[in-house]
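2 protein chains.
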Amino acid sequence: MSARTGLQLRSTVKPDGELEITLIDHTFPEPGPDEVLVRVDATPINPSDLGLLFGPADLATLKVGGPAGRPVVTARIPERAMPALAARVGRRMPVGNEGAGVVVAAGASPAAQALQGRLVAMIGGAMYAQYRVVKAADVLPLPAGATAADGASCFVNPLTSLGFVETMRRDGHAALVHTAAASNLGQMLNRICLKDGIGLVNVVRKPEQAALLRAQGAAHVVDSSAPGFMADLTDAIAATGATLGFDATGGGRLGGQLLTAMEAALTRGAKEYSRYGSDTHKQVYLYGTLDTGPTEFVRNFGFAWGMGGWLLFPFLNQAGPEVAARLRRRVADELTTTFASHYSNEVSLAGALTAEAITAYYRRATGEKFLIVPSREG
Amino acid sequence: MSARTGLQLRSTVKPDGELEITLIDHTFPEPGPDEVLVRVDATPINPSDLGLLFGPADLATLKVGGPAGRPVVTARIPERAMPALAARVGRRMPVGNEGAGVVVAAGASPAAQALQGRLVAMIGGAMYAQYRVVKAADVLPLPAGATAADGASCFVNPLTSLGFVETMRRDGHAALVHTAAASNLGQMLNRICLKDGIGLVNVVRKPEQAALLRAQGAAHVVDSSAPGFMADLTDAIAATGATLGFDATGGGRLGGQLLTAMEAALTRGAKEYSRYGSDTHKQVYLYGTLDTGPTEFVRNFGFAWGMGGWLLFPFLNQAGPEVAARLRRRVADELTTTFASHYSNEVSLAGALTAEAITAYYRRATGEKFLIVPSREG
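The listed protein sequences derive, respectively, from chains W and G.
Here our numbering is used: position 7 in the first sequence is 7, and no number is missing along the way.
Here our numbering is used: position 196 in the second sequence is 196, and no number is missing along the way.
Each hint should be verified, as a subset may be incorrect.
Said to hold, decoys possible - Non-contacting residues of chain W with respect to chain G, defined by C-beta distances greater than 12 Å in every case (computed):
| # | residue |
| --- | --- |
| 1 | 70 |
| 2 | 271 |
| 3 | 279 |
Claimed, not checked - Here are the simulated SDA-like cross-link-like pairs (lysine to any residue), alpha carbons at most 20 Å apart as the crow flies:
| # | chain 1 | residue 1 | chain 2 | residue 2 |
| --- | --- | --- | --- | --- |
| 4 | G | 195 | G | 169 |
| 5 | G | 14 | W | 274 |
| 6 | W | 271 | G | 125 |
| 7 | W | 271 | G | 169 |
The set of hints was computed from the structure by calculation and includes no laboratory data.
Beta carbons: idealized from backbone N, C-alpha and C, even for Gly.
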């Protein structure tokens, strides 16, 4: 057994404000006793990868050069965004949250040896590469019959959507609202809620997204582009009793609108006037940044409200190892049903760095999801 | 013992959008066995009273009529604000959160009888009146030597400022930031923090407010009107380690700026780049609405953050009766020192309803605080 060499994607912010993405030849070390070396066969481009990949670069300045198979992508970062990036300037950051592949070398420990030749899923960054060394204890062996594509996205979206439901139960809410609900994650959450009998209000931005979710059995779908949006949203929230929302957009007014509609649903037909609003706590978590602009809301929802950030890893840490293990077991059990992901495009590492591909996945359109197959040539 | 008649202030929203404030002759019932009848001798006009008193009325349309001693105040409520007021339309709401006075009649129970003739403080609404019937268990007998003016404000501001410190300890924060810090409440919080050795960053809007707080021993005072505000705020937060803020303004950008400065203080000199920001939780509570406009923030503080409403009574309910009793004891013990309030004007009930008085207390200027003395004529 010896070290292997293979391609690895790196994203660098230079001191002069240029972002550069390249594929380097990386030497992957031999796995330690408790580690395995995995040949990455499939790794998705999730919205959560784009932040590290492109940072706050202005994609209008995108340039793709370099020789065939070794693209060099550059773009300018606005000067005002540089201070927040100080700690990554000059560092060639590997990218890629999760992936799946075959264990091609294993350390001496029994746990590592037992994985030899197995197809496994992994999380932890640096997956946009041909190989990845990872702790044996951290991989999820995939069930028989599953493909690398089946397992490539089995952490971020599955655990995030299950995490929403766990958060709902932990904080004593009865139902929930989700925005950008037609996303891969949103469709997954809809399947979980249908299966578990949980009230879910799906908020989408287009009629065709509403149709997509209804075709998948969603009971409550509200289109934010429709003229009666706030009334529809309030009705759906009243019907489900939702007092918790997860908002993928982050910027703009949508998060606050969820709180406004929750309050309107709670105080509907109230007999007593309360100048402080309903005393039922209403909570919205901003877990994404599809809209990078400022967040704005009108405080017409009393004082019993909260807004905050939500992130998968802090949630899992707070929930503890038993909950995390239970959620992972469920993902493995329902990998090709509840937690199935769908990809519109499969590309090589170099293929993920063409101007056409970047433009396509950067717009995060519904149904447009890229899978990188690092073993693919060119 | 028989029922007594006296003046009581009422605020009414009429179906046509007119707000009307009047003084009515109210018959106060005999106290029940566990109750006492208190002659209200002093009751403050707190910012938290203005919402019920004027609602969202447009004070540019203010008119004061009625005979001498019985003013009738009217103002228009913008049509868009009416739906949220549905539950109070047509109701003549009594006003006034807290007050102090002498027990002039007591129910048969020993607890009530023991209060006969005592000077007590009370909370619970309807204090803008010449009398108030209240449960014996709910009053706070004032220490010997205290006046009604000393005790009039001994719930809202004292318990709110103590509640901030309790919330800080409960949620594991080490220090706190307070905005509108030159207010009566802010000065009280400063005295508590100085006495208890707690790091406090006082945010004010004017140089003279900064000078006022510094003269009272405040170590960290930051002026939001100064050009170096964000840098000064970050320095003060770094010096204290504050990760919790209480914002009285509510609208605008100040709440978000506190989170931004906390994150900047936490990540100062960070060696590792984290695209998700610091993992230390940063929290800002909006407890007031000095700025009734929308709340806006730029999410440049990672994902470990929260914003939410904070209100005294839900806090006391959550904290439980033992904590509430401990806080009330401290208020009684330090009534004329830590928890002293200062009034710029003393007025009768009718005097609180002149155009001049309303204009003065409605602008909530530092140092301008009104005390109503209901026994005063005219």
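Find the hints from earlier in the document that the structure breaks and name them by number, from lowest to highest.
Numbers 2, 3 and 7, in rising order.
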